[in-house]
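Number of protein chains: 2
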Amino acid sequence: MPPTVATTDLLIIGAGPAGLMAACWASQYPNMTTRIIDKRPGRTPTGHADGLQSRSLEILESYGMVDAILQKGVQHAEMCYWGRNKCTGGIERQKRSRARMGDGERYHMVLLNQGLVEQTFLDSLRGKGVVKVEYGVRAETLVLKGEEEDEYPVEVGVRRVGADGASGAGDDWEVIRARYIIGCDGAHSWTREQLKVPVRVCSGDSTWGVVDIVPISDFPDIRQSCAIHSGENGSIMTAPRENRLVRFYTYPKGDGKLNVEGRDQSDVSLDDLVESIRNAMRPYQLTYKHCDWWSIYKIGQRLVETYRPHGRVFLAGDAAHTHSPKAGQGMNVSMQDTYNLVWKLGSVIAGAAAPSILDTYDLERWPVGEELLRLDTELVEAYEQDVTSTEGVERVRGKYVDFMTGMGIAYGPSALISGNSSDPSVARNMKVGMRLASYPVVAQADGVCSQLAGRFASNGAWRLLVFPGDLRQSHTQSSLESFADKFNKQPHLSRWQKTPGLGRCYPLETILVHSSPRTSINLLDLPDTFHPFDEAWGRDYSRVFSDDGSDGGDLGHVYDGYGIQEMGCLVLCRPDQHVAWIGSLEEVEALEEFFARISP
Amino acid sequence: MPPTVATTDLLIIGAGPAGLMAACWASQYPNMTTRIIDKRPGRTPTGHADGLQSRSLEILESYGMVDAILQKGVQHAEMCYWGRNKCTGGIERQKRSRARMGDGERYHMVLLNQGLVEQTFLDSLRGKGVVKVEYGVRAETLVLKGEEEDEYPVEVGVRRVGADGASGAGDDWEVIRARYIIGCDGAHSWTREQLKVPVRVCSGDSTWGVVDIVPISDFPDIRQSCAIHSGENGSIMTAPRENRLVRFYTYPKGDGKLNVEGRDQSDVSLDDLVESIRNAMRPYQLTYKHCDWWSIYKIGQRLVETYRPHGRVFLAGDAAHTHSPKAGQGMNVSMQDTYNLVWKLGSVIAGAAAPSILDTYDLERWPVGEELLRLDTELVEAYEQDVTSTEGVERVRGKYVDFMTGMGIAYGPSALISGNSSDPSVARNMKVGMRLASYPVVAQADGVCSQLAGRFASNGAWRLLVFPGDLRQSHTQSSLESFADKFNKQPHLSRWQKTPGLGRCYPLETILVHSSPRTSINLLDLPDTFHPFDEAWGRDYSRVFSDDGSDGGDLGHVYDGYGIQEMGCLVLCRPDQHVAWIGSLEEVEALEEFFARISP
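So the sequences go chain by chain: R and H.
Count along the first sequence starting at 1, add 732, and that's the number in my numbering.
Count along the second sequence starting at 1, add 732, and that's the number in my numbering.
Hints are computed from structural coordinates only; laboratory data are not their basis.
There could be a bad hint or two in this list.
Treat identical chains as interchangeable: a pair holds within one or across any two.
[Unchecked claim] Listed below are the simulated EDC-like cross-link pairs for lysine to aspartate or glutamate, each with C-alpha atoms no more than 20 Å apart in a straight line:
| hint | residue 1 | residue 2 |
| --- | --- | --- |
| 1 | Lys804 | Asp855 |
| 2 | Lys860 | Glu974 |
| 3 | Lys827 | Glu837 |
| 4 | Lys1218 | Glu887 |
| 5 | Lys1230 | Glu1102 |
| 6 | Lys818 | Glu1298 |
| 7 | Lys860 | Asp799 |
| 8 | Lys827 | Asp1091 |
| 9 | Lys1021 | Glu1267 |
| 10 | Lys877 | Glu974 |
| 11 | Lys818 | Asp999 |
| 12 | Lys1131 | Asp1004 |
| 13 | Lys877 | Asp999 |
| 14 | Lys804 | Asp1272 |
| 15 | Lys928 | Glu964 |
| 16 | Lys1163 | Glu1319 |
| 17 | Lys818 | Asp1283 |
| 18 | Lys1021 | Asp950 |
| 19 | Lys860 | Glu1318 |
| 20 | Lys1221 | Glu879 |
| 21 | Lys1218 | Asp1257 |
| 22 | Lys1221 | Glu1319 |
| 23 | Lys1218 | Asp1283 |
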């Protein structure tokens, strides 16, 4: 019997965090057909990755998913560093380091097992009803055709497999013809292997021991993240988790008597691991009754030479980069890979943007992978160099803190990131290429106070933020009017503003944040572009905000926070909230050129 | 064929907000079997009640449901009062009134149609999987037997009905034998009729017109709550809602030319209603394309003489009280009725508490119904007395603001509310009978900052809050130790602390909030009762908090907020977060007596 043949715009291979994030983004583009397959019978049950950094939480918020994560997870509030006391030989606390949030930042790191993170994605996907994960489906063949000869040039043969990985009958064979595929299939990526993508190996495999248990212990910092260097008794890392669990890591050359290096789950038992952890925690006690998950696994520092080994094939997550679990980065960088990619695919497939924007994926994400390995190398070295003190570890963590939270990631110049903003001084604290910080604002229409970021849902829209200054001044008002007038006359800007159907929104929204007292302004007196009218749905009242400090709270800090000068400015935010361009209210032509360049 | 006969501890009749809240509470008591029936084919589709007040949101939070509501609903931030301009004859804004949150309060009112509120309850019930709403089931017969002769003295005959309300075949007949029933079956309550419960009629029926539309209008406050008195053109109320909807109410003797009084949906059209609203809003325009829901309905001010017409039968929600929609109270007081009741039923059925505590339901909730009608009467009068100005309305709203938010509701002395706290000055800003205010605290074990109220999940537990003061002082430490020592020796307190199985927790938890810097204290040095040990699950690290202001933010205000004096105090909170008793750290015997009195 011939196999079933189906076509899809996008095929995602692998439903771990990177794949699920891709599916979630794809759900926002109803014009793009998407399938996601995973050879496993279902989601990760528990264990595995467990750290969600600040930027990842912002992204989850932009999908309306962060509350579920915050409810289930444990917040990381403080890190404690423990070293060896030279007199007693036991460990002692050397330092407490409180997790601080940067200006415009909103989340502390949250710890939650990967299974529950995946479940939150699955719940969200089910609620949207657009993309459904196909578990128990294994990709087995890959054929790439010329882009000219075939509209769906990527042919993936897949087979439905049982829970044991065994293939079923012959009629379980399907050929999926796709425009694009994303390989999110992990450290041993099948997709990567098919294309024989060169991999840069920065270190050989190291063996890690990890356990998630409910500890019974008198260690005073058992509910905090700790780095513990006990000298000859080995060194460990701990992190508090949901349901009274605590995660413990032992690491190569640092686990004292056990020395897991080169061994695996077949010759090291859970009790061996706990014994090794117990040794490192002396003089404190440690036992357990309940273990949620444990593993011994090998991992090396590796980075693919390109995230886009073929025009229609992308790699993301562990398929592109592997490293140690030391900095709690794995799930985060992986999810952020596909968060960077899929809105670009959605725009291209909807015909709104030129396919050339897809070049920016490798351009933007490969350097992040490279930086990740640099951090990891330094952190592993710091752990190995001094087994009795955690000073080195603390120094490396301090150096990379903005990278680790995701706040410091800045994409370089490209078609989607302007390299030559005319005057960077119009918004001194804002950097082109970085994600936009958030501050509380007051909505003009209803007086509700909320974070500006709450207006940046991941729905495919670009946002042009207009900061005119204080509208009670006549020159400010006239400069706003002249902006609006010019803005509406630009052909590309008009098209991007008025073409619905890309995602669930218009592809370009204008948002106004003025610095006048809210009650001094009547929304309907502002230019139409800030309250556009729809025949059926009336006016959009959600586009105007005030940076009005007169209502107390934490209000009135937007202009200061961004460092916006008196002349005001325009800020263009991409669908992934990264700042693409900054200019003055007069530079509408430069904005028009930006959109002209990325239009098909 | 004889009918099916089933038994259940609790039968809830009606799955509106009161019934669903009852089901949600009942889900927390796995030892109590519960059924909930509703004759409708499914939940309220849309429209109907739409206001959730501050206290209701706190309650939803305690079930983990508030995030879903906040995401879907619209926050009420400001109320605008519009009256008639004597010169122009049109309306003009007379006042803006910003919604303020009281000290220790955390939510602004949220507006969301009843259908989505019910859906949130249904989602939560499905997630718990304990109680499932049976739609399309109508109660038809009620037989009450003596409590001595039958363990299940309430017999309700129910019939499965089609979507049109028609009965099905004879085998759809079931007899449900229950220990207790709650009639949450609305203004025309079948349960109330069966028992011929006397009803106090405070006013005859008035007719209300209500529409939920997407308005197309130049009215500047269209996205805010407004009271509009236009003089001869009638008066209306407005409220912003989800999905660009706005709710408009017209009311009797205030709707200008239309005069809906005594009329119903058969002789007044939607366009008539909108025409009437348009008149009241002159000189502003109003049209619409989309209508979500509209209705004309009659309602009078009524209150049952008792909320417990029979030892085993309770009434709640509209079955107990009806009134105008003016103050946005309906859904709130109704949900709070069953929130007051079901934990008492759960404790009695689990054998933890004496059945006599059920007397407190009528004792506590009937006065709330009475106060509700008083507010409603004054508000209706204020609307009627001056049709050109809203001053009177504003005055009444100001007078009852604490009642309307739910913050001001204080239950009087009873078996569950102590009437004679020895020295009220130990916590000057706390009132026995009121719900406990919330402030941010720092968790001792992990340093996470959160609202103290986050620790008060609705799971059936009583909480004894221990406020010893600054534990760096030796007399404070010894007074805490002496408290713990005495506390553990009391037979009733020990039983309540150690009997699992009531709800999902122990029935009495001790929680410590000290005022020392967090890092000066080691949790394990505190008495065992604040970190109890469980063989399988280890220590409970979640019971100790610090009122430590040194970490900035809004911290360090708990002791001040509650007005706790240097000697410290004990505060007993019921499972519904109302303060049951306040005393000094020495008054452990008084606490023991409290629990002795309510024990079976």
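Results for each hint:
1. Lys804 to Asp855: both (14 Å within a copy, 17 Å between copies)
2. Lys860 to Glu974: Result: close only across copies, 18 Å inter versus 27 Å intra.
3. Lys827 to Glu837: Neither: 24 Å inside a chain and 36 Å across chains, both beyond 20 Å.
4. Lys1218 to Glu887: For Lys1218 and Glu887, the Cα distance exceeds 20 Å both inside one copy (47 Å) and across copies (75 Å).
5. Lys1230 to Glu1102: The answer is neither: 39 Å in one copy and 55 Å across copies each exceed 20 Å.
6. Lys818 to Glu1298: neither (59 Å within a copy, 42 Å between copies)
7. Lys860 to Asp799: Close inside one copy (17 Å) and across copies (18 Å); limit 20 Å.
8. Lys827 to Asp1091: neither (45 Å within a copy, 56 Å between copies)
9. Lys1021 to Glu1267: Answer is between: at 8 Å across copies they meet the 20 Å cutoff, but 64 Å inside does not.
10. Lys877 to Glu974: neither (47 Å within a copy, 48 Å between copies)
11. Lys818 to Asp999: neither (34 Å within a copy, 91 Å between copies)
12. Lys1131 to Asp1004: So Lys1131 and Asp1004 fail the 20 Å test inside a copy (34 Å) and across (68 Å) alike.
13. Lys877 to Asp999: neither (46 Å within a copy, 68 Å between copies)
14. Lys804 to Asp1272: Answer is between; shortest inter-copy Cα gap is 17 Å, intra-copy 35 Å.
15. Lys928 to Glu964: Answer is neither; intra-copy 42 Å and inter-copy 81 Å both fail.
16. Lys1163 to Glu1319: within (18 Å within a copy, 60 Å between copies)
17. Lys818 to Asp1283: neither (56 Å within a copy, 32 Å between copies)
18. Lys1021 to Asp950: The answer is within: 15 Å in one copy meets 20 Å, while 67 Å across copies does not.
19. Lys860 to Glu1318: Classified as neither: same-chain Cα gap 40 Å, cross-chain 56 Å, threshold 20 Å.
20. Lys1221 to Glu879: The answer is neither: 36 Å in one copy and 81 Å across copies each exceed 20 Å.
21. Lys1218 to Asp1257: Only inside one copy: Lys1218 and Asp1257 sit 18 Å apart there, 69 Å across copies, limit 20 Å.
22. Lys1221 to Glu1319: within (13 Å within a copy, 77 Å between copies)
23. Lys1218 to Asp1283: Neither: 34 Å inside a copy, 49 Å across copies.
Checked against the numbered hints listed earlier, the structure breaks hints 3, 4, 5, 6, 8, 10, 11, 12, 13, 15, 17, 19, 20 and 23; every other hint is satisfied.
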